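Between the sequences and the hints, there should be enough to build the whole structure, so can you do that?
Okay, here's what each chain looks like letter by letter:
2 protein chains.
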Amino acid sequence: MYGLIGKVRAMPGQRDALVEILLEGTAGMPGCQSYVIAKDPTDTDGIWITEVWDSADSHKASLSLPAVQEAIARARPLIAGFDQRIETEPVGGHGLPA
Amino acid sequence: MYGLIGKVRAMPGQRDALVEILLEGTAGMPGCQSYVIAKDPTDTDGIWITEVWDSADSHKASLSLPAVQEAIARARPLIAGFDQRIETEPVGGHGLPA
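Just so you know, the protein sequences line up as chains X and R, in that order. Residue 1 is where the first sequence starts when you use UniProt numbering, and the numbers rise one by one after that. Residue 1 is where the second sequence starts when you use UniProt numbering, and the numbers rise one by one after that.
Take the hints with a grain of salt, since some may be wrong.
Each pair may be met inside one copy or between any two copies, as identical chains are not told apart.
What the hints assert, rightly or not - EDC-like, lysine to aspartate or glutamate: derived pairs with alpha carbons at most 16 Å apart:
no.	residue 1	residue 2
1	K7	E87
2	K39	D54
3	K39	E89
Bear in mind the hints are in silico, worked out from the structure with no lab data behind them. Predicted model only: the values in this text are computed from it and were never measured.
Right, dumping it as structure tokens:
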């Protein structure tokens, strides 16, 4: 499995709008086992995204999906920057597909 | 919802043993929507744990469950420290219970 933990910083006041785009754009991605969008309670502009994919290739391929491309295009103007990007190797746990 | 993103550092050489304890100890926790255990590919002792709970209270209550208490007791000697602990407010995404 392939995992990502990332912190995205929204433009001031744009976090909720950015969260909505992320929620809409991340359904039905092949190979995506988990994709959780969370607000940072200590940073009014911060969004944490935690992802689990069956492989790094599935993640890479998702970036070319039309729905994802469209979400990226809408999200880009609302993004101020990326504060953290951590790659992981998920090994299991609760809540992943069997 | 209530989320946690944490990095645990295992004692040298003990990461796999610690991962096994975490995998065993985290089944059947009421209110737990997701609990993913991942190795850090850049740190041979590092483990990332990402959690989604229906509430902070459910997370707190889980720490008193006999199976979790037993896992904590077995895990403690294998833990060198905690490098990060981030609380989040998950808002949705893919892979959470409907």
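Status of the hints after comparison with the structure:
1. In the homo-oligomer, the alpha carbons of K7 and E87 lie at most 16 Å apart both inside one protomer (12 Å) and across protomers (13 Å), since each shortest distance falls under that limit.
2. Proximity of K39 and D54 under a CA criterion of 16 Å is satisfied inter-copy only: 15 Å between copies versus 25 Å inside one chain copy.
3. Taking the closest pair of Cα atoms, K39 and E89 come within 16 Å of each other only across two copies (5 Å); inside a single copy the shortest separation is 23 Å, beyond that limit.
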